[in-house]
Amino acid sequence: MSYAADVVALARKDLLLELRAKETLPAMLLFVLAALTIFHFAIPTDTSDVATLGLLWIAIVFTALLGLTRAFVPEREQGTMDALVLATRDRSAIWLAKSVAVFAFLGLAELIALPAFSLFFDPVDARTVAAVVLADIGICAVGTLTGAMAVAGRARELILPLLFLPLAIPVIVGGVGASAGAGGRYLLFLVLYDAVFALLAWASFEYVVAET
Amino acid sequence: MTAALARNRLPALAGATTVLLGISIALIFFYAPDDRDQGLSQRIFYFHVPLALTAYACFGWGAWKALRHLWKREPGADLESYVAIHQGVIFGALTLLTGSIWAKISWGVWWSWSETQLVLFLVLFLFYCAYFMLRYSVDPGPARANMCAVYALFGVVLIPISFLAIRLSQRFIHPVVFTRDGPQMAGSMFFTFCVALVAMLALFATFYQLELAGKRLDTRLRELRELLAP
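Quick note, the sequences are listed as chains W and G, same order.
Counted from 1, the first sequence has number 9 at position 9 by this note's numbering; the numbering is strictly sequential.
Counted from 1, the second sequence has number 151 at position 151 by this note's numbering; the numbering is strictly sequential.
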């Protein structure tokens, strides 16, 4: 089996699990809708478009966090991670597959969240959608790695936001900048962020799960 | 032999640091000229900037040791990385504090979001505080060492990325002293600054060695205790 086959098999496993158990995705969908509803009441009615776009980004990051918290739970409960680490395969495939799965969940949640945001607040333009896709890549790459770190500890769910949010601040800066108007260079920045952190996470995941 | 050398090095280092710090404080208050705009309050610059640069040096050194741990499996590199980052967080906290005081005096506010360096430092501070949470939520062992090393490496990558992000989105009022044309200050000020920077780095080196010696002693004591009372 090649590297790509490993990744496909593992990602397929995650998607199948979700299809049967239906745990993460409904929770993310409900959460993002509830968050948008709360924002409606939390901000004054005459708030500018730019400020409400900021709320969209908060909703996205926290929804992603919700999905990431659940990402390694099946591995932990079934002891799958030990088996995966024991397998004589490239371990970064575990990270890539999990990132793909989380990216799929997050993308699906946003398929509902973005139209809902346009309905409740202001319509989103193509640039915002592009920024959201780019940001999702970065969030999933970094989030999956920190998620793997978090499940190894005692604090588990508690520690993931602490590890993840400081790393997500540049994503927020890039995303808000891109959707608030000054497009191009912020999108470029998001591409840079994705490339750098995906590469780093890909190279270092092996050490996060290894026991030696 | 090496143990004896290590024992003697720490007091020597501490002595040198004390002398350097004394000289730098004397220079800051008696030698460096008053700033034309800001007067006396500008002298906090000689503490603030060396503190900030030393904090970066700590994080950089911590990441270097983390890399050595992952790459060469250097024994003890994990502990050294942790100690460097621990010192970095302390220097970082002092940087935030002195920066805030200086901001209050010269701009009239304790905090300014439009200020690249302060915001960057806050992000890093949050990041490295999470490093401690991670370290203390995992049981000691090779897995923890690896994980912490990876996180420390993420930190040094986050520094330039955050810097870029924050700079992209802001207007600046932070004085930029070091430009491409060299330092924008008088010779005597630059000299004082350099001495203050060296003194601060020496202070870091001393604390680093001191904490490291303490931690190593701790480990050895625990090992001995386990040998005595199994």
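For the record, the hints were derived by calculation from the structure and aren't laboratory data.
Using N, Cα and C, we set each Cβ at its ideal position, and we do this for glycine too.
Check before you lean on any hint, since a few could be wrong.
Claimed, not checked - Reference listing, derived: stretches of chain G covered by chain W, where coverage requires no fewer than 3 residues with Cβ under 8 Å from a Cβ of chain W:
| hint | stretch |
| --- | --- |
| 1 | 54-61 |
| 2 | 131-137 |
| 3 | 147-156 |
| 4 | 216-224 |
What the hints assert, rightly or not - From chain G, some residues computed to sit far from chain W (all C-beta separations above 10 Å):
| hint | residue |
| --- | --- |
| 5 | Asn8 |
| 6 | Trp102 |
| 7 | Ile166 |
| 8 | Leu168 |
| 9 | Tyr208 |
The hints, checked one at a time:
1. 54-61: Check failed, 0 qualifying residues.
2. 131-137: holds (count 3)
3. 147-156: holds (count 6)
4. 216-224: violated (count 0)
5. Asn8: holds, 36 Å
6. Trp102: holds, 24 Å
7. Ile166: At roughly 7 Å from the nearest Cβ of chain W, isoleucine 166 (chain G) sits no farther out than 10 Å, so the non-interface label is violated.
8. Leu168: violated, 6 Å
9. Tyr208: holds, 24 Å
Checked against the numbered hints given earlier, this structure breaks hints 1, 4, 7 and 8; the rest are met.
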